[in-house]
Each structure stands twice: as structure tokens, then as C-alpha cells.
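Protein chains: 2
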Amino acid sequence: MRIVLDAMGGDHGPAVTVPGAIEAVKAYCIKVTLTGDKNLIQSELNKYDYPEEYIEIIHCSEEITNEDKPVAAIRRKKDSSMVVGLRLVKENKADAFISAGNTGALLAGGLFVLGRIKGIDRPALAPVFPTTTGGAVLIDGGANSDCKPRNFLEFGLMGNIYASKILKVHNPKVCTVNIGIEEGKGNDVTKEAYKLCQKSDFNFIGNVEARDIPSGYADVIVCDGFTGNIILKLTEGIAATIFQNLKEEFTKNSLRKLAAGILKPGLRDFKKRFDYTEYGGAPFLGVQGNLIKAHGSSNAKAIKNAIRQAKAFVENKVVEEIMKEISQLGEDRIE
Amino acid sequence: MRIVLDAMGGDHGPAVTVPGAIEAVKAYCIKVTLTGDKNLIQSELNKYDYPEEYIEIIHCSEEITNEDKPVAAIRRKKDSSMVVGLRLVKENKADAFISAGNTGALLAGGLFVLGRIKGIDRPALAPVFPTTTGGAVLIDGGANSDCKPRNFLEFGLMGNIYASKILKVHNPKVCTVNIGIEEGKGNDVTKEAYKLCQKSDFNFIGNVEARDIPSGYADVIVCDGFTGNIILKLTEGIAATIFQNLKEEFTKNSLRKLAAGILKPGLRDFKKRFDYTEYGGAPFLGVQGNLIKAHGSSNAKAIKNAIRQAKAFVENKVVEEIMKEISQLGEDRIE
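Which chain is which? The protein sequence lines are A and B, in order. Residue numbers for the first sequence follow full-length UniProt numbering, beginning at 1 and rising by one. Residue numbers for the second sequence follow full-length UniProt numbering, beginning at 1 and rising by one.
Warning: the hint list may mix true and false statements.
Identical copies carry no separate label here, and so any pair may be met within one copy or between two of them.
Claimed, not checked - Using 20 Å as the maximum straight-line C-alpha spacing, the simulated SDA-like pairs for lysine to any residue come out as follows:
#	residue 1	residue 2
1	K324	E62
2	K69	G180
3	K317	E248
4	K191	C29
5	K69	I55
6	K264	Q244
These are calculated hints, taken from the structure and not from any lab test.
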């Protein structure tokens, strides 16, 4: 198995992608190809002991930054670490591609270079949302701001495969995010989506209200990319605000500081439950190839986990499974 | 001034609405009319000392429950505490109406009985979202699942009046919830809404990402009712999950329990910052009359604060101000 990693992507570039790749190679005995600036990558590699035959560098003269316009960048920067990596997967020279770089560009690249799976109208990002009971697949996590009802059905189908094959959930509970649990609630699109999902083969349990998402009410949370983005970012913002406020309250005087010191391990354990680095990245499901978006602020551990995740996608033939299930749906389902 | 309160509304009915009304009457020297079952209300009133000339009961033979279908309930239950209360405002026999009852029915009642302000296409719920810096007006908090761009402009205009007249914010910062701050981000509706808001007279500061809402980035947060509902309920769910998890960590052993005991006042102060009962209820802005939805689980203090809030709406002529500003916009703005 060979996984390609965009060595230049993310806030920290080779300083984290290289050690992340080395850790993964050692832990999972797989081959990793690093795309990017050869000199920068090699000088990072030189800092570590690593099995040289397992790590390959493909030099790229260009780089797509977060400031680049996604579509234009993919079209013009043909020798960027991102486009070169995607092409390796397209040409079957590698099994999966991971990047912590420009999200919009990676999604555009997935669509243009790898192409959509036949029958999938809109590929979607599927991060894992941390819940009390472990984690739920949130799909779409931000790829498609405007969705049609049939897209929700596709998201449910793909999220179901992710949850069962990768997260190893038996008969995952799939639901649509809505403003009430009853059928008939919501906006025009979610009302139609409900009806389509009801007829599906996956275990559709109906609507979920946003209040019940964090408690682990369902294993697959289906929504449009606009709503998915709100859910992810609001969660981040509220958690940050709560911890900031608690810190202020807990350091108001010496006695409180002492007490807070005793509780520190508890706080650490708690924060760990919500640590995104544990989950790797967000796969872009629905394209013809394994593609994973790692968090922009990934550290080496997050990169390592994204590689572990990519390996699981390859081993469990997630792309093939999506192709199979979507083809069985037939075309009569499309409204 | 006379405020009408639906004595039957909410999870606890007269057991909290009656003491809430008595506290408000004493604190603000206003007259309160209680609509509902005369016997139940009177037996609650008998438990307290109160200025009898300030509290009036209007007996109603019917009640709208949370199980009732909103539109049908308003049409059929003409002698319900909710419809009777709304009609008192419509007939200028009272200045404002408050209910903690069935939200959908109250919104339908607002539209049917009071009617929309001319020029307002969609009245909206406007709760205050607790932020680190105090609170921001979230509009629409859940009345309209599907919105047109012009509705966002109306929400901005009304939210701006609420923030400046009632929350006393000078030149409130108004923004639209989106998946990125740049113009051109988002779904089809928010892209158009951005352009309309940019031409408005209020202080439109552009888009806000959900992550920045809790920190107090803006004073008025504009979104469709679907998104608003997700924001409110997800916040509730995440806060509950975090506190539940912290409690588990903090009670794992005796030492931690001791330390947590020391921090209790800090936790209490912190929770108080996010206490919805402080803010009263959510006004339904855009109808011809002052109408406030109190939280279903309101206690007496929340009811008292909702009455204080209604008083502020009357005194600051919020309805008249909305009428004035929307008429100045003219009809050319409508896309």
C-alpha cells in the first residue's frame, strides 16, 4: 500500500508532515510518498531515523497556499504538491492522498482530477463529530452550501458505509439535522430529504435536533454543507468560550488556583475526549479515490492518524463499496 | 401600561406565571392581566400578598397545549388564554402580550390576530444569545425555516432597533451568519442577502463565522430560522454535554470532589453568565403589537423578566420604530 501525503499542506508544512509520515510508516508498515519541495522535505527527514525504503519524495516546484483561489489554483498550479499527489491516485500509482492544505482547492482537485463516482451528484466532507459516546460521522461537513434532497440520500448512504466499515458501528443510526424530530418539520429541502431517506436501505431514524447531537443520539448526522459548517464551527467556538470563562473563574484567587490544580488531570482527560487529532482527518466521500482532508492546524500526531485512517479506507474498500451501493439505488430515485 | 400574560402557558402554568406577575407588578408598578382558568389563577394568587388593583383576571374556557397543531389551534380555540390575550393587544386594550406556551401557535397567532407590519414580509423571533461580552440579538431564532434574501435585510433592520433601543448598544454591529467572512461565501440566499445588507442604513459589518458568535463578535446575528434554531439548540446541547462531562471528571474521587467544592461558586458565577432567565423571552418582531415568547421552562424570575422586557418594548416604541424604518426603505429594495 502506498499513501501520498502533501508535505507542504497545513499551517506547519514539512515540520509536522514529515515526522507524522515517519511515525505512520513505523507504526503501520506502509509506504508513504511525500510531495513538495525536495530540499525542505529532505532536511526535515534528516532530523530523524527512518526506514528509507518506505519513504519516497516527489519534488514539486509549486505550492497551493490558503490565499489561492481554489479552482484557479488547481487549474494553473499543475506542479503543486496537491495536484501532483491527486494525479498519483488518479493514475493508480498510489492508494490514497492526504492534505492539510487549502480545503477549497483540495475539494476542487478531488472533483477535477479524481472525478465523481457515477451516481453521486455531490461528494461531501465527512469529519467525525466528537460525542459523549465516541463520535458520529457528520456529512456534509462543508463541501456543498446548497443541496438538493437527493444529496441528503447520498450523504446518508456514504456516511453509513463510513460508520460501519471504518468506525465499526453495527447498523449505524442515520439521521437528518432538523428543527424538530417530527416528519414535516424543517425547510423545503429537509422535508423532501426526510421522505427520500425513509425509503433508503440504511437505518434511518428520522430527524435529530441540534441539541441532541453532542450526546451521541445517532452515528451518522446528515445535513447540507452550510449547516454542517455551522455545527462544526459553533461547537469549536462554544467549547473555546466555556474553557476560557472557566479558566478565568478558576484562577480568581489562590484557593481556587489550588483546587483547579487538583482537577487538572480531570480537565485533561475531558479535553482529550474532544481531541480532533485522535480522529485523523475528514474524508471527501463520493470521488473516485481515497482523499482525506487533514485539519489545517494538524500536528504530527494528527497527520499520523490521518494516514492510519487512509489505510483503513483502502483496506475496507470504501470507494468500491460506495460505487456498489449507489449503482444499486438505480436512477429512479432521482427526483 | 397594561401587560397581558398567558397564565396557562409554559411547563408550569399558573404556579410560575402568577408569582412572576406579582413580582413584576411590585417591581415595575404596571398593570398585568392574566388570561386563563379563573379558579386556578385565583387559587395561586391567594397564596401571596399582592396589590389587587394591579392584577386582573380574564377567564378563558380553553387552553392551547404543546400538542395542539399551531394554525388549527389558533383558528379553533377562540376562547383560549392565548387567543384572548392576543386579541386584547389587537383591540388596544393592552400594550403587550407574553406567553410561555406553544411557540408555533403563538407565532401563528401573532400573524393572524395582530398581523404583519406593512413592508415586513416575515416577522421573526429574536432571542438574546449569551456571549462573553453580554448578549447578541439572534434573528431569526426559529420562525422562518425558508427565507429569501430580503428577509435577512428585514431581520437586520429589526434586530438593530432591538439592540439599540432595548439592549442600549450604541450603533450595533450587525452581521450575517455564514461559512466564511468574505463576500461571496455561503449559499445562494446568504450571498444575495450580503449584498442587500451592504446597502442598508444599519452598521453591517459583513459575515460572521459560527465559531466567533460566542465571543461577542457582533451585536446582531442575522440568519434564517433554520440556522437560528440550530445555533440555539446546539449551544444548549454542547453546554449541557460539557457540564455533564466535567461533573463526571470532578467527582471521580474524594480529592477531586473536595477541589470541585471549592470551585463551586466560580462554576455558579459562570453558569449565571449564560442564564437565559436573565434575558426574559424572545420578542416576535415584525407584527403589529408587542409580543414576547417566554421560554417553555420559565420559572417565576424568567416570567418577571419577560414582563420587564415587554415594558421596555412599549416604552421604547419598538413597533412604531420598525414601522417607521421599514416604510423609509421603500418598495424599490424588494428583489
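Going through the hints against the structure:
Taking the shortest Cα distances, K324 and E62 never come within 20 Å of each other, neither inside one copy (37 Å) nor across copies (57 Å). Taking the closest pair of Cα atoms, K69 and G180 come within 20 Å of each other only across two copies (14 Å); inside a single copy the shortest separation is 38 Å, beyond that limit. Within a single copy, K317 and E248 get their C-alpha atoms no closer than 48 Å, and across copies no closer than 39 Å, so neither meets the 20 Å cut-off. Within a single copy, K191 and C29 get their C-alpha atoms no closer than 47 Å, and across copies no closer than 47 Å, so neither meets the 20 Å cut-off.
Within a single copy, K69 and I55 get their C-alpha atoms no closer than 31 Å, and across copies no closer than 64 Å, so neither meets the 20 Å cut-off. For the homomeric pair K264 and Q244, the shortest alpha-carbon distances inside one copy (14 Å) and between copies (17 Å) are both at most 20 Å.
Violated hints for the displayed structure, listed by number in ascending order: 1, 3, 4 and 5.
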